[in-house]
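Chains as they are written, first to last, in my numbering: chain A, 1 to 401; chain B, 1 to 85; chain C, 1 to 357.
No lab work stands behind these hints: they were computed from the structure. One or more hints might be untrue.
[Claimed, not checked] Listed next, the in silico DSBU-like pairs over lysine-lysine satisfying Cα-Cα at most 30 Å (straight line):
(1) A:205 with B:5
(2) B:22 with B:83
(3) C:98 with A:144
Being a predicted model, the structure only gives us computed values, none of them experimental.
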Amino acid sequence: MRDNIVITSAGIVSALGIGYKSNAEALKNGLSGLRQPQFLNTLHQDLLIGEVCLSNEDLADKLSISSTTVSYTRTGLLAMLAIEELLASLDIAALRKEKLAFINANTVGGMCSVEDMYLHFIADETQGDFVRYIDTLDCAASTKDVTTHFGLNPFTATISTACSSASNALIVGARMITQGLVDKAICGGCDALSRFTVNGFLSLKNVDREACKPFDEHRNGLNLGEGAAFLMLEKEADAIKRGTTILARFSGYNNTNDAYHPTAPSPDGAGALRAMTGALKKANLTTEAIGYINAHGTATINNDAAEGRAIEKLFGANVPFSSTKPFTGHTLAAAGAVEAIFSIMALNGNCIFPNLNYSTPMQELNIAPVTSLMTHQNIQHVLSNSFGFGGNNVSLIFSKA
Amino acid sequence: MEDLKQALKQQIIESLNLQGMKPEDIDDNAPLFGEGLGLDSIDSLELMVLLERNYGIKIEDAREGRKVLSSVQSMAEYIQEHKKA
Amino acid sequence: MMTPVYILSASAISPQNTFDGDGIYETLITSDNLKLFVKEPDYRSYINPVAIRRMSRLIKRGISCGMKALSDAGIKTPDAIITGTGLGSMTDTERFLKDMIALREEALNPTFFIQSTYNSVNGWISLQTQSTGYNQTYVNRGLSTEMSLLDAQLFLQETSEAATVLVGTFDEMTDDYFVVKNKIDYWKKESIPSNEILKHNDTPGTIGGEGAAFFVLANRATKAIAILKGIKMLQQPTSEIIAQEAIQLLQEHGVTWDEIDVVIMGNSGDSRFESLYSNALDCLSANTSLLAFKHLTGEYPTATSFAIWLSIQLFNNQRIPKNTLLQQGTATHYRNILILNHYPLNTASVLLLQEPA
Numbered sequence: 001m002r003d004n005i006v007i008t009s010a011g012i013v014s015a016l017g018i019g020y021k022s023n024a025e026a027l028k029n030g031l032s033g034l035r036q037p038q039f040l041n042t043l044h045q046d047l048l049i050g051e052v053c054l055s056n057e058d059l060a061d062k063l064s065i066s067s068t069t070v071s072y073t074r075t076g077l078l079a080m081l082a083i084e085e086l087l088a089s090l091d092i093a094a095l096r097k098e099k100l101a102f103i104n105a106n107t108v109g110g111m112c113s114v115e116d117m118y119l120h121f122i123a124d125e126t127q128g129d130f131v132r133y134i135d136t137l138d139c140a141a142s143t144k145d146v147t148t149h150f151g152l153n154p155f156t157a158t159i160s161t162a163c164s165s166a167s168n169a170l171i172v173g174a175r176m177i178t179q180g181l182v183d184k185a186i187c188g189g190c191d192a193l194s195r196f197t198v199n200g201f202l203s204l205k206n207v208d209r210e211a212c213k214p215f216d217e218h219r220n221g222l223n224l225g226e227g228a229a230f231l232m233l234e235k236e237a238d239a240i241k242r243g244t245t246i247l248a249r250f251s252g253y254n255n256t257n258d259a260y261h262p263t264a265p266s267p268d269g270a271g272a273l274r275a276m277t278g279a280l281k282k283a284n285l286t287t288e289a290i291g292y293i294n295a296h297g298t299a300t301i302n303n304d305a306a307e308g309r310a311i312e313k314l315f316g317a318n319v320p321f322s323s324t325k326p327f328t329g330h331t332l333a334a335a336g337a338v339e340a341i342f343s344i345m346a347l348n349g350n351c352i353f354p355n356l357n358y359s360t361p362m363q364e365l366n367i368a369p370v371t372s373l374m375t376h377q378n379i380q381h382v383l384s385n386s387f388g389f390g391g392n393n394v395s396l397i398f399s400k401a
Numbered sequence: 001m002e003d004l005k006q007a008l009k010q011q012i013i014e015s016l017n018l019q020g021m022k023p024e025d026i027d028d029n030a031p032l033f034g035e036g037l038g039l040d041s042i043d044s045l046e047l048m049v050l051l052e053r054n055y056g057i058k059i060e061d062a063r064e065g066r067k068v069l070s071s072v073q074s075m076a077e078y079i080q081e082h083k084k085a
Numbered sequence: 001m002m003t004p005v006y007i008l009s010a011s012a013i014s015p016q017n018t019f020d021g022d023g024i025y026e027t028l029i030t031s032d033n034l035k036l037f038v039k040e041p042d043y044r045s046y047i048n049p050v051a052i053r054r055m056s057r058l059i060k061r062g063i064s065c066g067m068k069a070l071s072d073a074g075i076k077t078p079d080a081i082i083t084g085t086g087l088g089s090m091t092d093t094e095r096f097l098k099d100m101i102a103l104r105e106e107a108l109n110p111t112f113f114i115q116s117t118y119n120s121v122n123g124w125i126s127l128q129t130q131s132t133g134y135n136q137t138y139v140n141r142g143l144s145t146e147m148s149l150l151d152a153q154l155f156l157q158e159t160s161e162a163a164t165v166l167v168g169t170f171d172e173m174t175d176d177y178f179v180v181k182n183k184i185d186y187w188k189k190e191s192i193p194s195n196e197i198l199k200h201n202d203t204p205g206t207i208g209g210e211g212a213a214f215f216v217l218a219n220r221a222t223k224a225i226a227i228l229k230g231i232k233m234l235q236q237p238t239s240e241i242i243a244q245e246a247i248q249l250l251q252e253h254g255v256t257w258d259e260i261d262v263v264i265m266g267n268s269g270d271s272r273f274e275s276l277y278s279n280a281l282d283c284l285s286a287n288t289s290l291l292a293f294k295h296l297t298g299e300y301p302t303a304t305s306f307a308i309w310l311s312i313q314l315f316n317n318q319r320i321p322k323n324t325l326l327q328q329g330t331a332t333h334y335r336n337i338l339i340l341n342h343y344p345l346n347t348a349s350v351l352l353l354q355e356p357a
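Chain A with its partners taken away, still in its complex shape (with noise of 0.2 Å):
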């Protein structure tokens, strides 16, 4: 097809770890990357979080950046450590020329730092180190530490609609590709833990302590990560010109609204089933197309209820599922793409990871998530969930090249 949009390159960070293939090798293998906080400075160290392994200095090193000068706080970080990724196979030279778009996607800015240093914003003080940090609250400081570090002028966005927000990304890159706007654009999401983000789950009580369970009877809520990830997307025909390898098509997508609940879903999955609906329409494929379903499963008591019923009423007990929260905590705003590229990663290793700490099927449902990895599926399209506050519904469907 003439408008099929690929991706063709993509970069990671989470709490498995920098870059692709570690991130690949830790779902193959179970390991989970939740552990309790080691540079996140809050006072609930008992919390199990995705925590990026590195500390602020040690991601500026990796960048070669003097991290005593600049204003890049966490979240910018770990969005530039992602890019770095994407492009180290592009001609960045070539590609400060073409018509690019840079959709990012973020929910509390730089809140990581901002949080440490707000009581020095509001007082008197003019001076001290917390000036360079004090225009990094906003969501689009990270997008613009990512084009200021590597000296790109794309068009530029940054999306916020909570856990949703990096799957909105690469839904506006492909509409802008479709349209014409630009060539090529790289889409994603970033997300530093901050203690305003830990605090404010921990309010609405569905933080677990121990380690989550999507999609089990004795779920208690979700555990909270952090990470970037970003994808290249352009026109099949434009990648297939430049003989670059193509991971994967972008074949559909879908955004709804559940207009039921500020941040509740519906209970019965209207929205969920709304979303994936429209996902498989748009990518003109029956239930029966699709090998693995990346599920959005935070192990929330509501989410994972409203999923699960969505899924069941869709797909029966017919398409393996599994959440993969329980590796890397959810990490929010870049929650989206992190999972579009494992998302890819089932597509390309021909493999379902497992749905670590599932034990009790639930009550409602008659479906149970994968437990353990299968290899040698036939998987041609993987279907992706990332559902947020504010009913913001999305899905996403990758399929094999």
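Let chain A serve as the given structure and place chains B and C on it in line with the hints.
Just chains B and C, lined up with the frame of chain A:
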């Protein structure tokens, strides 16, 4: 106990910004959620914050929370049992 | 090049009487403390009474402004809702953050956290209108309005059936925010009344402001009150770049400089940005009237949406509010309006609007 319930009603009105309501409009045994005052799940989280800030009582289990927060009477009884000296 | 889209309705909540009251033609509301705050209307007729209890002012402002635009367009349920904000609810963000620090991460109100989420206004409007279609929120600094409109254009272009999109923007100023941005020279250091800010253009800084504006956009011309022809979004703008992009935008839509009846400019009395529009203004003929608006609203990331709302007042009434006029042109009918706006420190935009035939 009566003083506690009276204080609790005032705190509920303030914490949830129940405009136009007075403590005497809230019946001790009337359900706070659903048909009663029409409160929702976020209100219940706000009431748990109220219990924690004003009475030092922390409820971690959602199911227990629902029981405790079912009426002013049940909240008051729980506070009397668990209030830190 | 984008296909034009049609604007069916517009509503704005601002420091002026734009939402209710006598409008923008008579009264000018001013301030003398470098801050222009929104005149809060009565929100109760726009919001579910059970839900309104917990809402902070920005959330109420956004929902009400959106519901009014929908009701003005006679639309109950839009096919998509796209919002843009530079800051989201600063009040909720600040409150949760300060409580978290003061209370040492214990017993925090979930409401402030939920409402600090940038897409919460969008979620509430979806809920109130039962709109289950596409919904998107941009947090894109000084180009949040522009990106929301561009995405609406993309959405409408992709949809072959008749469709409507509610596009809205909202930002609020808080006292903390003013203090923070003062440290990086957003505001004037000297005290100047808001209505005189444009004249004091020999020093850096401007006045802080806030506002919300919502529009119903459609891919059909029926009942249109304005046509959004095109948008250019610029990073690191210079006077040359703004002029080039304006020239290109006009060319793309077959409009000549002579046909521009009004230019609405975002100049704000800040000496650093005063020359940004000069090259573009050099292209104009005697036909064009020049208008400014930041002395009415103050500076905020989504101020462009106020200029769009103002354009629609001109189309509707064919009359320029005297408080916005910098220079009267010879045109007596206002058909083509060019908006030139910037946001400190590094973005600008050019928009072309047209009166429907």
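Consistency of the hints with the structure:
Distance restraint check for residue 205 of chain A and residue 5 of chain B: the Cα-Cα separation of roughly 26 Å lies within the 30 Å cut-off, and the hinted pair is therefore satisfied. Simply put, residue 22 of chain B and residue 83 of chain B have alpha-carbon atoms about 25 Å apart, close enough for the 30 Å limit, and the pair holds. For the hint linking residue 98 of chain C to residue 144 of chain A, the alpha-carbon distance of about 27 Å falls within 30 Å, and the restraint holds.
The structure agrees with every numbered hint stated previously.
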